[in-house]
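Place chain B on chain A using the hints.
Take a look at the letters that make up each chain.
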Amino acid sequence: MREAINEALDAGRYGEARSTVEMLWKGQPTAAVANYVLQCVSRWRPALPGRPWRVYFLRSFTLEPMIPLLRAAGALEGLDLTVGAGPLGTYMQEVLSGDSDLYRFHPDTVIVAIQTRDIAPSLWENGVPGAALTAVADYVIDQYTTLIQTFRSHSRADLILHSLEEPVHPSFGVFDAQCQDGQAAAVQSINRSLRRLASRWPGVYVLDYDRLVAAHGRQNWHDERKWLLVRLPIRAEYQHLMAHEWLRYLVPLAGCGAKVLVSDLDNTLWGGVLGEDGHEGIQVGLEHPGAHYRALQQVLADLSRRGILLALCSKNEESEALATINRHPGMLLRSTAFAAIRINWTNKAQNLREIAQELNVGLDSLAFVDDSPIECERVRRELPEVTVIELPAEPAAYAAAVRRHPAFERLALSKEDSARGEMYRAQRARALAQGQSGSIEGFYESLRQELAMSPVEPVHEQRVAQLTQKTNQFNLTGKRYSELEIHDLARRKDACVFQVSVRDRFGDNGIVGVIVLLHSGDAGEIDTMLMSCRVIGRTVETAMLATLLQCSRELGLHFLEGTFIPTAKNGPAKNFFADHQFELIESSATGSRWRLDVERNSVVAPPWIRISRCKDGIYGESLAS
Amino acid sequence: MNLLPLDRALQTGPGLLTTQVLRIAADVFAVPMEGLTPSSSPDSIESWDSLNHLNMVLALEQELSVQFSPEEMEELLSIELIVALLEEKLRANGNHSGGR
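If you read the protein sequences in the order shown, they are chains A and B. Heads up, the first sequence is in my numbering, so the first residue is 8 and it goes up one at a time. Heads up, the second sequence is in my numbering, so the first residue is 332 and it goes up one at a time.
Chain A on its own, in the form it takes in the complex (with noise of 0.2 Å):
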């Protein structure tokens, strides 16, 4: 295999090297193969970039050797991660002064790993049931929110907390399940109030360590010889699942995760082939072997609940596939569950780049699952970008290989999340209008848009960060905001956040644009505008400009500047300031400068858009036209 992999790489075909790396570290996740993954990262990095992301460990216990672990996983997550940790046992003074290491690392995310017999030993050993241990809870509970409300005085910075786990074997053995008060009840409350903490402050969430522990079996999970000699409390066996678990907080807040899952339809979504063994033949329904494949499909309707698109690519006949879909009494999911379906017998790469297009997503949105090693294989050679999940031979462990994929992950969920595939649905049926209503206007103007544009208002600001994190294509200047900064932005004097939101006679589409200006005296800048890739072509863009003016004029600015800054990605947005009468004042490799005087202009909303700026972002009322 390394053979193969050297071979891949001297021919600078990165994307087999990468899928074959891939298998052979699934295969071996031990702190050997992860060295040599590294290497084999570096070579293929300047073709094959990831986002890079800083952590930083505050911890009590020894977590080097997990860190290559991470650093390789994350790298074939896409992730280009950069980790320090602090001393041992040295995290509160860390937090508390401001110039540590800590800070001037400038971490994107902030992972405190810190055991419960290091915090609360007497939740762990030697403690006796009884009003001492509550009290240790409560100490415990009030560092943590120490630590939290330090921390957030110094940075903005994602913070992750590893809950604590419980005790294995407690000091007073079956009689601690018998007391209120006992060192499992504790940790209990313990985590009960981390969970608490957590959801107050933006930006703070629970790696819920005592599950995952309990997950693989507390006896097997620890060696406590390495914890006595190097204060490693982890076996090896077990180490790499750490890394998985943290990677399923880091992809998802690295904005690194799938928006659309594509699945096969024979041996994954039933079992059997339907083209061989026929409606009647195929396995799929409540009962043993078919409850795998229904399986598999209850996990992709959680999915489809947390904002992940569903599409089907599969080899078969189209017409007879949609029957079975439609029809067959043992399936969950039915053909309009999925957002694009490509059932034909063109290769399925050519299929894929055809729904990323249709979804108006990127490759590096899509995930594909498939039981077909070549399949998988052949994916992974022609689009890199695509994270491809290959089913385990049994199909027994087919729902849990999706449902633990970092891939998936959120860590907050919008309305807009679980209604997106309703929204999707919606937009088939807009673009079958396109296809009926003969002129182009004659479509803007079937579509009924309304849009309503006004500042964030708190409970969007998650929205509109997530906005700026996900949206590539019109992106003029694809700057990224967390929360907390959008948070800090729109309580600025210099600053407006505009949340920008959009309907139509279909369907609502949510919050779908963003616009941060800036401004000092009578200029302004547009430091971000971007718009969901749902509402592109449709002249939104135009219109949210024209609303931006007016409130450029309210606040006596004279000119508008703005950055176009090109990425792989924003194609879109390219033309958006030269089609809108901006003068081009400065352009270099990096990206052009442009300029609009306010009241020099015609920049007018198009007719077919409705547009209001009620303060709290309702249709309706037309304050602008």
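Hints are computed from structural coordinates only; laboratory data are not their basis. In this text, all values refer to a predicted model and were calculated from it rather than measured experimentally. Just so it is clear, CB atoms sit at the ideal spot from N, CA and C, and this is done for glycine as well. Treat the hints with care, since some could be wrong.
Estimated spans, in silico, between C-beta atoms of each pair [unchecked claim]:
| hint | chain 1 | residue 1 | chain 2 | residue 2 | range |
| --- | --- | --- | --- | --- | --- |
| 1 | A | E14 | B | E418 | 31 to 41 Å |
| 2 | B | S372 | A | R199 | 47 to 57 Å |
| 3 | B | L382 | A | R411 | 55 to 65 Å |
| 4 | A | G96 | B | S372 | 28 to 38 Å |
| 5 | A | R238 | B | L408 | 31 to 41 Å |
| 6 | A | E283 | B | E418 | 50 to 60 Å |
| 7 | B | E411 | A | W352 | 50 to 60 Å |
Same frame as chain A, now just chain B:
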């Protein structure tokens, strides 16, 4: 996978076990395999520091399904010592599990 569990590795011959240990050491210490010999030790390999020693022990434990005691960890100070200890562990294992 190009790696075998310890008992099978030994059945196939001690040469293979040495090769496996060399590969793990080469990965962990980030040196080419050709640069390692049975007598390679912390004195001859610059990157063989205490953290990488721990990393190597963890890799051996995970890839060969063995466990080292703290005393053994301190003895593993050259490639040949590692191979010798692994062979010894297999024999002990063999006695332990009877006719496996």
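Outcome of the hint check:
Distance hint for E14 (chain A) and E418 (chain B): a CB-CB separation of about 34 Å, consistent with the stated range 31 to 41 Å. Evaluation of the 47 to 57 Å hint for S372 (chain B) and R199 (chain A) yields a pass: the beta carbon distance comes to about 52 Å. Checked against the given bound of 55 to 65 Å, the beta carbons of L382 (chain B) and R411 (chain A), roughly 29 Å apart, lie outside it. The hinted window of 28 to 38 Å between G96 (chain A) and S372 (chain B) holds, with their beta carbons roughly 32 Å apart.
A hinted range of 31 to 41 Å is violated for the C-beta pair R238 (chain A) and L408 (chain B), which are about 22 Å apart. Between E283 (chain A) and E418 (chain B) the beta carbon distance is about 51 Å. The supplied range of 50 to 60 Å therefore holds. Here the CB-CB span from E411 (chain B) to W352 (chain A) is close to 58 Å, well matched to the stated 50 to 60 Å.
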